[in-house]
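> So the chains spell out like this:
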Amino acid sequence: MLPYSDQKEKLNKIKSGKLSLKENIESFLQRIEENKKLNAFNFVLDNEAKADAERIEQKIKAGKAGRLAGMVIAVKDVLSIKDKPTTCSSDILRSFTSVYTATAVQKLIDEDAIIIGKTNCDEFAMGSSNENSAFGPVLNPIDNERVPGGSSGGSAAAVAAKLCDAALGSDTGGSIRQPASFCGVYGLKPTYGRISRYGLTAFASSFDTVGAFANNVYDLSILTEVMSGKDEKDSTSSDNKIPEITNNLTADDRKFRIGIAKEYFGKGLSSEIREENKKLIKKLADSGFEIIDITLPHSEYTIAAYYILTTAEASSNLARYDGVKYGHRTKEKAPLTEMYKASRSEGFGSEVKRRIMLGTYVLSHGYYDAYYIKAQKVRRLIKNDFDEAFNKVDIILTPTTPTTAFKLGEKSSDPLEMYLNDIFTTSANLAGIPGISIPIGKDSNGLPIGTQLLAKQFDELSLLQLSYFIEQKIFT
Amino acid sequence: MAVTKKDVEYIAELARLKFTDEELEKFTGQLNEILSYVEKLNELDTSNVEPLSHPVEGSNVFREDIVKPSIDREDALRNAPDRNELFFKVPKVIGGE
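Here the protein sequences line up with chains R and L, keeping their order.
My numbering runs 637 ahead of the 1-based position in the first sequence.
My numbering runs 197 ahead of the 1-based position in the second sequence.
Bound conformation, chain R alone (with noise of 0.2 Å):
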């Protein structure tokens, strides 16, 4: 449907004259404004998007442009871009303006990326559906009575449905991973620590990830390479060097040994999602590489230990939206601490008070020791699991997702059956592991199914690797 298959070629036809970036962007938009009923977009930045096409395709022309020249991107409306608005999609911060740029957002700038808009999420990124959010639900573009997944869901919305080349997302159990999958999108969750956190607001600080959405794997390389990196804003970014990837995109000298976690194939799965991925891993073994057997035994405890811990991080970083630095506040003329509370309860929606509640209940005095150290018990008996599992193989096979995407309101009225539409991802987020969501086919009904692969901490190269092995070699 674009007149290019990555940003190479996009970037090799705007040099030659074959592509006008100001075209391209009048036509991204253009679909944006025939596509709003999928409600993907918080914000469109389409002056900025119109001047940047014209000054960066002169760059280009003039041989001066940087790597992700005149690549299109949509960002997260939880990351901050400096004089624009970010909201988290909650009414909390609903006149929030930010006044600095996310480090990862900077660097995508900073190689000549265009941003085309902000994009709709669960709020404050809590949310599997992307139902939770203060500007209403995103559509998925393949059907739309049916969920895009959440919680980055208006970013892989946008890229399924060609709003936009690339989109920014975070993902702090699976927020990037789960939509990939149910858009039929490629998503990748960088290891805690690879990319830069400074200026994405705070859900479970030690579980979030900022990543990237694309169409194909030469995208999202070329983005990870770009947005990884020690910062000094962040104390917990990593100086762990940063791979090539983009020049390294073969996994022909490479003889991977693919896990198959009997953990990840259990009941609860969908028949053909299990089937599908059954046939891939087939087709891997044909293609000569090992399948090997191997365990997660602790896999059964991961939604109970994330939701312990991801709330008690939650409820300890929401507590600085208190109407008085900044985001709303009540109109009710009270005094200072009856002031917090109604300022806090009109501003979050009803997921985010029943995660405050659950984070605040399980740090409270008498139940830190039996929840909160109990779940960081088990978070290391989880990432040992993995560590384990890395001796004996390099990546990890799993489905994305137990079911393909479901109908808007179909589990928005049960928390805990939403909770459990992440029982594959959250693992990666407590053992702080990069994990990789690809389309690999579709259900009986069209929609997209998804493959999650996974690696040993920092090992993104080996991830990009097969994907890019699996896209060419296998899906051609």
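Just so you know, not all the hints are guaranteed correct.
Have a look at the derived ranges for each label pair, beta carbon to beta carbon [as the list claims (entries may be wrong)]:
#, chain 1, residue 1, chain 2, residue 2, range
1, L, Gly255, R, Gly925, 32 to 38 Å
2, R, Ser732, L, Glu282, 16 to 22 Å
3, R, Ser907, L, Phe259, 35 to 41 Å
The set of hints was computed from the structure by calculation and includes no laboratory data.
Note that the Cβ used here is the ideal one computed from N, Cα and C, for glycine as well.
Go by the hints and put chain L onto chain R.
Showing chain L alone in chain R's frame:
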């Protein structure tokens, strides 16, 4: 350990949130459902396991103590719901409660 409506009211107080009676009832039910699910963790013996607070375990990160400019005052105040030229303004604290 089932959570009562009274517990939920206490937690709401700690979290600086307020709820209607109906919301309190609903939250009590939902919290109990979630908490009974997470009880699952007690199936595991973790007496010899160290808690893991951070997925990438490393040493503390230090930097030189050099004074550098950060956000200027006007930027810090620009999103304030109520302010004067130099400060955030809050409702009366003394005598209010």
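> Each of the hints needs a verdict: does it hold here or not?
How the hints compare with the structure:
Range check, Gly255 (chain L) to Gly925 (chain R): Cβ separation about 37 Å, and the 32 to 38 Å hint holds. Between Ser732 (chain R) and Glu282 (chain L) the beta carbon distance is about 20 Å. The supplied range of 16 to 22 Å therefore holds. Separated by about 49 Å at the C-beta atoms, Ser907 (chain R) and Phe259 (chain L) break the suggested range of 35 to 41 Å.
This entry does not satisfy hint 3, going by the numbered hints stated previously; all others are met.
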